[in-house]
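Please work from the sequences and hints to get the whole structure.
Number of protein chains: 6
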Amino acid sequence: MKQVITFGEIMMRLSPPLNYRLVQTNNLEVNYGGGDANVAASVARLGLPAAHVTCFPDNELGYAAAQSFQRYGVSMEHTVFRGDRLGLYFLEVGASMRASKIVYDRFDSAFAKLQPAWFDWSNILSNGRWLHWTGITPAISASAAQACKEAIQEARRRGITVSADVNYRRNLWQYGKKAQDVMPELVAGCDVVVCTEGDAEDLFGITPRVDAANRFVSMAEQLMQRFPQIKQVIATERETLSASHNRLKGVLFNGTDYIETPAYDIVPIVDRIGGGDAFIGGFIYGSLTYPTEQEALTFGVAASALKHTVHGDVNLMTAAEVEPVMQGNTSGRLLR
Amino acid sequence: MKQVITFGEIMMRLSPPLNYRLVQTNNLEVNYGGGDANVAASVARLGLPAAHVTCFPDNELGYAAAQSFQRYGVSMEHTVFRGDRLGLYFLEVGASMRASKIVYDRFDSAFAKLQPAWFDWSNILSNGRWLHWTGITPAISASAAQACKEAIQEARRRGITVSADVNYRRNLWQYGKKAQDVMPELVAGCDVVVCTEGDAEDLFGITPRVDAANRFVSMAEQLMQRFPQIKQVIATERETLSASHNRLKGVLFNGTDYIETPAYDIVPIVDRIGGGDAFIGGFIYGSLTYPTEQEALTFGVAASALKHTVHGDVNLMTAAEVEPVMQGNTSGRLLR
Amino acid sequence: MKQVITFGEIMMRLSPPLNYRLVQTNNLEVNYGGGDANVAASVARLGLPAAHVTCFPDNELGYAAAQSFQRYGVSMEHTVFRGDRLGLYFLEVGASMRASKIVYDRFDSAFAKLQPAWFDWSNILSNGRWLHWTGITPAISASAAQACKEAIQEARRRGITVSADVNYRRNLWQYGKKAQDVMPELVAGCDVVVCTEGDAEDLFGITPRVDAANRFVSMAEQLMQRFPQIKQVIATERETLSASHNRLKGVLFNGTDYIETPAYDIVPIVDRIGGGDAFIGGFIYGSLTYPTEQEALTFGVAASALKHTVHGDVNLMTAAEVEPVMQGNTSGRLLR
Amino acid sequence: MKQVITFGEIMMRLSPPLNYRLVQTNNLEVNYGGGDANVAASVARLGLPAAHVTCFPDNELGYAAAQSFQRYGVSMEHTVFRGDRLGLYFLEVGASMRASKIVYDRFDSAFAKLQPAWFDWSNILSNGRWLHWTGITPAISASAAQACKEAIQEARRRGITVSADVNYRRNLWQYGKKAQDVMPELVAGCDVVVCTEGDAEDLFGITPRVDAANRFVSMAEQLMQRFPQIKQVIATERETLSASHNRLKGVLFNGTDYIETPAYDIVPIVDRIGGGDAFIGGFIYGSLTYPTEQEALTFGVAASALKHTVHGDVNLMTAAEVEPVMQGNTSGRLLR
Amino acid sequence: MKQVITFGEIMMRLSPPLNYRLVQTNNLEVNYGGGDANVAASVARLGLPAAHVTCFPDNELGYAAAQSFQRYGVSMEHTVFRGDRLGLYFLEVGASMRASKIVYDRFDSAFAKLQPAWFDWSNILSNGRWLHWTGITPAISASAAQACKEAIQEARRRGITVSADVNYRRNLWQYGKKAQDVMPELVAGCDVVVCTEGDAEDLFGITPRVDAANRFVSMAEQLMQRFPQIKQVIATERETLSASHNRLKGVLFNGTDYIETPAYDIVPIVDRIGGGDAFIGGFIYGSLTYPTEQEALTFGVAASALKHTVHGDVNLMTAAEVEPVMQGNTSGRLLR
Amino acid sequence: MKQVITFGEIMMRLSPPLNYRLVQTNNLEVNYGGGDANVAASVARLGLPAAHVTCFPDNELGYAAAQSFQRYGVSMEHTVFRGDRLGLYFLEVGASMRASKIVYDRFDSAFAKLQPAWFDWSNILSNGRWLHWTGITPAISASAAQACKEAIQEARRRGITVSADVNYRRNLWQYGKKAQDVMPELVAGCDVVVCTEGDAEDLFGITPRVDAANRFVSMAEQLMQRFPQIKQVIATERETLSASHNRLKGVLFNGTDYIETPAYDIVPIVDRIGGGDAFIGGFIYGSLTYPTEQEALTFGVAASALKHTVHGDVNLMTAAEVEPVMQGNTSGRLLR
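Residue numbers (UniProt numbering), protein chains in the order written: chain A, 1 to 336; chain B, 1 to 336; chain C, 1 to 336; chain D, 1 to 336; chain E, 1 to 336; chain F, 1 to 336.
Check each hint, because a few of them may be wrong.
Intra- or inter-copy, both count: the list cannot distinguish identical chains.
With a straight-line Cα cutoff of 16 Å, these simulated EDC-like cross-link-like pairs (lysine to aspartate or glutamate) come out [to be verified]:
#, residue 1, residue 2
1, LYS231, GLU29
2, LYS249, GLU239
3, LYS149, ASP120
4, LYS249, GLU197
5, LYS178, ASP202
6, LYS178, GLU323
7, LYS101, GLU321
8, LYS101, GLU60
9, LYS249, GLU295
10, LYS101, ASP58
11, LYS231, GLU293
12, LYS101, ASP181
13, LYS2, GLU29
14, LYS231, GLU154
Derived from the structure by calculation, the hints contain no laboratory data.
The structure is reproduced here in structure tokens:
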């Protein structure tokens with residue numbers, strides 16, 4: 001079967017155990033993750049072939065990062081090992097009213113310095129059925145943005161479904177271009193877009209109409225008008241009651257219908273990082289597996305909810321484990 | 001003082017730390033437990049003499065398992081060290097809507113292959129005041145069922161109170177006999193039976209009368225009619241709000257009166273395994289210590305609630321620690 | 001800038017990881033803390049100069065304890081290294097209805113056996129702007145009480161603000177004097193007093209008037225009448241829903257106005273020890289930084305709430321981290 | 001490039017940390033390994049494509065085991081997920097005069113119960129350049145022996161090099177056939193055989209001639225006479241000074257020449273398990289990479305020596321790390 | 001079978017992991033041990049019934065200490081739970097030229113404050129075959145010395161073998177009596193005495209004769225002359241090459257013959273604490289099991305050597321594990 | 001007393017536990033260290049006032065690094081918190097013939113981007129008695145080299161002793177200047193220089209005379225001729241037998257006399273990083289404390305040998321602990 005293929009940076013995440021702070025511990029737990037790679041890993045664990053395309057330094061850190069995703073069944077055969085450093089970030093995990101906190105150290109990574117020519121998209125995508133990318137990739141460097149564009153173009157040529165999590169992070173855009181200038185061309189090539197109202201406003205100047213009955217639908221309509229290739233706009237709506245307690249639901253607009261899922265109560269949260277990526281991984285899996293958009297969307301949100309109960313960036317749930325939660329069984333009764 | 005004596009298999013439990021999954025960790029925590037042995041350990045820690053009777057392989061794993069219970073003050077002097085392997089199971093601990101999950105690997109254990117003749121019940125029970133067993137033991141093998149029967153018969157001869165947790169697990173019955181054929185003879189010898197409505201239906205075809213005011217009472221009445229030796233039917237009623245939040249109360253029918261306890265809210269759950277065994281251990285202790293059934297039952301449920309806040313299969317609470325909770329003090333205020 | 005100076009014993013705290021009990025673990029986590037030293041550490045981490053004055057045995061344990069506070073930026077330059085042993089205590093961390101439990105082993109510590117003459121308060125306080133002590137110090141030994149008295153007197157001479165957490169612990173007073181005899185003279189020298197209604201009754205025989213609209217105010221008024229130096233009486237009011245869930249607010253009476261803060265819901269509690277000290281540390285910082293008592297008090301309670309989400313006795317939050325919570329942002333939303 | 005393909009059982013290894021014994025720890029470290037799979041992993045990490053063929057239970061343990069080897073770059077695409085249990089063993093690590101000690105629990109594993117028909121060797125080996133197996137596989141069950149035979153036959157048909165580590169373990173042969181009856185037919189199909197003098201005597205009744213100048217050569221000559229397909233007989237000679245200190249050299253006879261390597265002093269030993277497999281993996285890599293048998297053999301021994309300094313069954317050294325040691329640089333000088 | 005009975009204090013030992021120092025770690029490993037209790041545990045694990053008599057505080061620390069020895073099969077039924085604190089010590093483990101270092105915190109322990117009347121030696125020893133004590137016990141307090149004396153007297157009355165490890169530690173004798181005044185009366189009641197030349201000189205003023213061919217024999221002869229009850233004087237001779245490398249042999253004089261064992265090279269040392277106690281435990285076991293003194297002594301030294309490879313104070317080796325080392329097999333070859 | 005002051009970068013070191021490799025672990029241990037800061041920490045722990053001057057990013061990582069040294073008693077009051085990232089490196093610890101391996105990730109650190117003007121050397125050194133720097137500092141960036149030069153000049157002006165560890169690392173010099181151009185001017189200002197023959201040749205083109213009786217002396221003579229301010233040239237001579245076993249001695253030439261120390265055998269090595277810095281810290285302490293150069297040098301080497309037995313970059317030995325080793329007591333006998 002052909003692969004779901006993702007492209008983007010994978011970072012090493014270093015976090016104190018439990019709720020310890022960096023100033024008080026000498027012990028860090030390592031995870032490797034990236035907004036797009038997490039989607040590939042999620043899809044692979046759910047049971048569909050997946051590959052991730054990235055660039056790592058040619059050293060033990062690069063090998064460790066690649067092997068971490070290989071472990072979860074993601075094909076890393078297209079990895080380019082060149083450059084100096086692995087991007088990394090430090091995470092302190094909060095609780096109750098204390099927010100989790102990230103210190104990034106990702107500039108000048110091997111990925112940021114990749115050359116577009118290192119990636120032969122025609123070959124890579126020859127085995128693809130879906131391409132997913134996030135707004136973080138074009139934010140990292142001009143060459144990353146260029147590689148992303150080439151991937152999308154090749155996918156379009158081949159009629160491969162393209163999805164994007166637009167995921168606007170202002171701080172990342174530091175190489176001289178603005179997200180507002182770069183993103184439209186990339187998003188224009190997408191069939192599925194994950195986009196919140198905030199992202200839509202920041203990136204595309206799109207705001208829901210004042211009189212909109214449903215603000216998300218209003219935003220999505222405008223987005224689809226601007227980018228006619230888009231067939232689905234999706235998002236999660238997250239209610240953040242505390243660092244330990246969130247409520248999550250999924251929304252989708254397909255140009256005609258608005259669909260939403262029940263809200264899932266998540267308490268306690270074990271690890272919130274990668275929750276959005278698990279949603280997308282679940283949605284892609286659901287779209288390729290279930291007949292209805294409602295099922296795909298609910299599968300995505302159930303997968304995301306479950307991700308919050310798992311350590312690490314990657315959703316380690318199988319399809320058989322997501323299904324009962326998708327069907328509303330959230331009692332967590334012991335399985336013998 | 002004479003002992004509370006239990007009989008059954010003890011397994012090694014292997015679980016990833018915290019909420020890690022097996023595919024992502026190289027670290028497993030070991031606990032030893034068994035539905036009956038946990039009762040003995042509970043009773044011993046509460047302060048009454050207790051012994052457990054079992055069979056272990058004659059190797060380091062068997063020694064470790066025996067020593068684990070010896071540590072908690074359970075006499076293991078009747079342990080038979082023979083056979084090849086220790087039964088074991090792997091536990092992934094869930095959270096929120098993610099259920100905890102068990103993978104068993106217990107077939108062909110030393111206990112399953114025991115010979116009834118290895119156990120001299122007359123000698124063993126000469127020091128007994130109470131015998132407890134669970135429905136897991138006769139499910140394991142014909143010889144385990146036979147040994148269990150002999151123990152019950154000897155206890156009856158000696159006038160020792162016999163209790164059983166009928167605990168029906170369909171998957172376990174694989175040696176060619178049905179629970180429905182084996183259990184009645186064993187339960188017939190019991191004074192106290194822990195039995196849910198589901199168990200009663202599955203094992204004995206007993207269902208509450210349609211018009212029953214109290215379904216539990218209706219079931220218990222029929223059970224006591226069928227097995228006249230039974231003097232008390234007890235159970236816990238567990239409301240599973242999530243893997244991290246349960247609500248628990250105890251119920252008892254003694255042929256005349258129905259007694260129930262207040263419900264205890266348990267959030268967060270530290271370790272749910274052994275919660276039922278802690279209830280029984282607490283109830284046995286309570287029955288031997290307190291004048292009223294209400295106290296015995298409430299002590300049992302308070303003990304069980306507290307067990308959920310302790311790691312491992314065994315309830316490590318002393319009587320002095322259970323008492324305030326039994327009396328309704330569930331504020332958890334720091335004790336200096 | 002001049003220092004906030006505290007005086008008192010620092011103990012080694014030994015606790016099993018997570019919710020393990022002492023009988024089941026071979027692993028203890030070490031923290032160093034003391035009711036007054038925690039205040040100094042809190043103030044230092046918030047960004048103001050702080051020093052702690054204490055006495056340690058001249059061995060590796062004393063060095064480790066001193067270095068632990070040095071690490072958090074507390075000046076330990078006045079530490080006296082003399083005597084035999086470091087006071088210590090063992091802590092089992094509860095959950096839900098199970099209370100956390102402390103076993104103290106602090107008698108005959110180096111601090112208990114200090115000589116008042118070892119501390120040259122004139123020199124020590126020459127660099128001070130605030131002196132804080134707790135009712136634990138005069139409880140430990142006659143000489144500790146004497147040293148405390150000398151410190152207060154010197155602070156008064158120098159016009160340095162003096163605060164006390166009266167913190168009455170009956171079990172501690174074992175050297176032949178009663179708290180009721182010792183404390184009044186010491187409290188008489190204080191500008192700010194942390195005192196609950198229970199403490200006021202136990203120590204000073206003060207009870208709120210029967211007809212009092214606000215019991216705390218009534219108690220505080222009487223306290224200020226008795227000890228005219230006092231300008232502010234403060235306290236936290238803690239609602240203990242369970243060992244994992246508390247609700248906290250702060251109250252203050254300044255002779256004229258009663259001020260209170262919103263209540264902060266704390267769930268789950270990561271580590272409750274030092275929560276009161278964090279409140280005082282935050283209040284001192286707030287008093288020295290903010291123009292209004294309301295802000296100082298709210299800052300203190302926000303700091304205390306956050307402390308409950310941090311492992312160890314010491315509040316490791318910076319002022320920038322407390323501020324949003326003080327302003328009501330308790331959503332715990334991930335900070336990138 | 002075509003793959004080095006191995007076939008055999010992978011077990012979960014559970015070992016207490018450091019030199020702890022099973023009776024004193026509640027903590028086990030997990031590794032997955034097997035005599036043949038370790039060779040594949042070794043080859044993959046050295047830089048050549050490798051695949052392992054095996055059978056796992058279709059549960060979290062099987063997934064974890066498969067993913068563990070996937071992580072190291074071994075293709076697990078031919079894994080069959082069927083059956084009930086994963087074989088496992090417990091390892092206590094010795095030191096000085098205390099031997100490391102293994103307790104096996106591997107009977108009735110999914111691998112033991114495999115059906116030969118589950119493996120389509122024609123397809124599997126179509127991508128192979130080398131097939132390796134060990135004497136453990138035919139010892140496990142008749143069906144495993146049959147599958148092994150079919151693999152060898154197919155490899156012969158395709159002209160793929162076949163190597164075997166005859167590795168005789170008396171205790172394993174429990175399914176009714178003797179190694180002496182089963183092994184000859186399998187060894188007859190091999191080009192390279194790892195065989196000690198003890199194995200040769202036990203399995204084939206071959207003993208060095210009394211007057212032999214070199215006992216290994218004498219044994220190897222007879223072995224090659226008996227099995228004319230064999231082109232190389234190799235072995236390591238291990239001097240066991242203590243559990244913490246071994247000395248290792250490699251020997252080879254190719255029908256004409258006897259080759260040996262320098263002896264490598266290994267002190268301290270970090271983990272001895274898999275040392276022999278690392279030798280074979282290194283020798284296969286060396287044979288496929290270096291022009292001379294001397295280099296291949298020395299590479300193999302250097303790889304094995306380095307394996308002893310790495311935790312786990314698998315040799316995690318790259319070719320670039322083995323090369324200096326192969327060239328005699330054993331000073332272990334810090335690499336910046 | 002009757003018990004080997006020991007009497008003395010058990011302390012909690014707290015040590016940083018690996019070679020960490022106290023000032024740099026927040027993690028301590030707990031072991032419980034005592035010079036005499038270690039002997040009982042050693043004997044129990046070797047396979048003979050053993051009991052230890054001691055006094056613990058009636059709190060979680062006392063329970064944990066008692067349960068730790070119960071786990072290893074030592075009967076703790078005579079434990080008295082009274083008093084305030086558990087003695088403890090901190091251990092930093094050295095390596096190479098860095099010595100391991102102990103900080104004691106054992107004064108005023110529950111054991112030090114025991115009342116002799118709490119121990120009914122007639123009852124306790126009614127089940128005894130051997131009584132062992134160490135010179136540490138009478139050093140702790142006058143009442144401990146008195147209890148020790150009463151135990152010896154009762155053992156003499158019953159014809160039970162008495163052994164003592166005189167083990168002189170100057171720093172411990174702080175209650176107003178000198179070892180030189182107390183010990184002779186106690187040693188006079190012993191059949192077997194563990195005594196080095198240094199101890200003999202310090203305690204009894206006995207020095208080997210200047211012209212002695214064998215200094216140990218000369219010392220032992222004088223000791224036996226002074227205390228005619230003594231039948232055997234034994235000791236280990238330890239060559240301390242470094243903190244990681246010792247060499248050990250055993251010596252014995254029985255009034256007629258001098259016996260010594262081969263020297264055992266121990267490198268690396270895993271944990272040196274309890275090495276002497278393991279020797280005594282092994283010697284007692286050997287004396288009760290083997291026909292010759294040579295065997296008993298060699299068993300003792302082999303047991304001691306093995307103890308150095310095991311973490312914790314207690315020798316966790318079974319008789320079957322000591323035997324090969326006793327017979328000279330120190331190669332540490334892997335046992336499958 | 002005035003301070004020993006050091007200047008340079010502090011990095012976060014991340015290393016897998018024990019001998020694990022990065023590709024196989026999810027757990028990293030954190031230490032903070034730097035060639036010069038380690039000297040300050042060493043001096044502080046030995047008992048003399050010390051301060052370190054550096055630049056950290058203004059985030060949790062910078063605070064943690066600063067606090068780590070504060071903990072060991074190093075004054076960090078001159079730390080500048082500015083810039084983006086903390087330099088870091090990953091360390092895999094080898095054993096036997098496997099070398100330890102470092103992956104650096106230190107470019108563009110906050111320290112590399114410091115502005116010389118941020119450091120007011122006149123103020124900083126007003127409290128100094130000794131200034132120490134290493135050749136790593138001027139290698140990092142032009143501005144770091146400039147700051148280093150200004151510090152040396154100010155020290156010269158104030159008559160403060162200046163020492164340098166020239167420590168040439170070719171890979172580090174990447175900002176456009178060569179070490180050979182930058183270092184001479186800096187070394188010219190030094191009184192004490194740590195320099196190996198290799199460094200002397202690489203940096204200054206100085207080679208021992210062909211006919212030199214003592215190559216070190218010949219090199220040192222030429223060095224002192226070139227830089228007349230130098231009064232002592234010192235070095236350690238390290239024999240690397242394996243990653244686990246080194247032999248170390250110290251050498252010194254003072255223009256007249258050649259002094260050397262006995263060689264110290266270090267086996268096993270616990271942590272080799274910082275061994276050279278411990279030598280310098282010990283030598284500085286020795287020079288300020290002992291009357292003779294022989295004592296200072298031997299103290300330095302003994303300190304360095306002991307450092308190898310301690311985890312982390314920093315030598316955690318007190319003067320009282322170094323002294324016996326300095327005097328030749330390397331038996332590592334247990335200290336009670």
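- Going through the earlier hints one by one, which of them does the structure break, listed in rising order? 1, 6, 12, 13 and 14
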